[in-house]
Amino acid sequence: GGEVVLQAEAGMGEVRFAVRDTGIGIPEEDVTRIFERFYRVDKSRAGSGTGLGLSIAKHIVEAHNGKIWAESIEGQGSTFFFTIPNL
Numbered sequence: 298g299g300e301v302v303l304q305a306e307a308g309m310g311e312v313r314f315a316v317r318d319t320g321i322g323i324p325e326e327d328v329t330r331i332f333e334r335f336y337r338v339d340k341s342r343a344g345s346g347t348g349l350g351l352s353i354a355k356h357i358v359e360a361h362n363g364k365i366w367a368e369s370i371e372g373q374g375s376t377f378f379f380t381i382p383n384l
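Residue numbers (the numbering used here): 298 to 384.
The set of hints was computed from the structure by calculation and includes no laboratory data.
Please read all numbers here as calculations on a predicted model, not as lab measurements.
Certain hints may be false.
[To be verified] Dumping the calculated EDC-like pairs for lysine to aspartate or glutamate here, alpha-carbon to alpha-carbon at most 20 Å:
hint, residue 1, residue 2
1, K355, E311
2, K364, E333
3, K364, E311
4, K364, E306
5, K355, D318
6, K355, D327
7, K355, E368
8, K364, D327
9, K355, E333
[To be verified] Label-pair distances were calculated between CB atoms; the ranges are:
hint, residue 1, residue 2, range
10, G348, G308, 27 to 33 Å
11, A307, R337, 31 to 37 Å
12, V316, D339, 18 to 24 Å
13, R334, E306, 28 to 34 Å
14, E325, S345, 22 to 28 Å
15, G310, R334, 27 to 33 Å
16, E326, N383, 31 to 37 Å
Note that CB positions come from ideal geometry on N, CA and C, so glycine has one too.
Construct all of the structure, not just a fragment, from the sequences and the given hints.
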């Protein structure tokens, strides 16, 4: 069992959210592509995802004038960030 940590922090004109896990991580060469529609990191990994989840998240965040990105280290986990402007 891994761990998932959620964080939110108000900053200058925006709120930044972070979702961090202690999973298997994402290879460095794939991190820039994970927000593409239908992109799946490794077809041999367990799971039946469609490759749409992060693409949909990106669309929603950008529709609210925000930004979304990820950082990952293989074998240590990933952190997904997104920001949205303060209302």
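Quick rundown of the hints versus the structure:
1. K355 with E311: Holds, at roughly 17 Å.
2. K364 with E333: With a Cα-Cα distance of about 15 Å, the restraint between K364 and E333 holds, given a limit of 20 Å.
3. K364 with E311: Holds. K364 to E311 sits at ~10 Å (cutoff 20 Å).
4. K364 with E306: holds, 15 Å
5. K355 with D318: holds, 19 Å
6. K355 with D327: holds, 16 Å
7. K355 with E368: holds, 15 Å
8. K364 with D327: Given that 20 Å is the threshold and the Cα spacing comes to 19 Å, the pair holds.
9. K355 with E333: holds, 9 Å
10. G348 with G308: 27 to 33 Å: At 31 Å between Cβs, range holds.
11. A307 with R337: 31 to 37 Å: For A307 and R337 the Cβ distance comes to about 34 Å; the hint holds.
12. V316 with D339: 18 to 24 Å: The hint (18 to 24 Å, Cβ to Cβ) holds, given that V316 and D339 are roughly 20 Å apart.
13. R334 with E306: 28 to 34 Å: holds, 29 Å
14. E325 with S345: 22 to 28 Å: Holds, since E325 and S345 (Cβ atoms, about 25 Å apart) stay within the stated range.
15. G310 with R334: 27 to 33 Å: Given about 29 Å between the Cβ atoms, the range holds.
16. E326 with N383: 31 to 37 Å: Holds: the Cβ-Cβ distance is about 35 Å, inside 31 to 37 Å.
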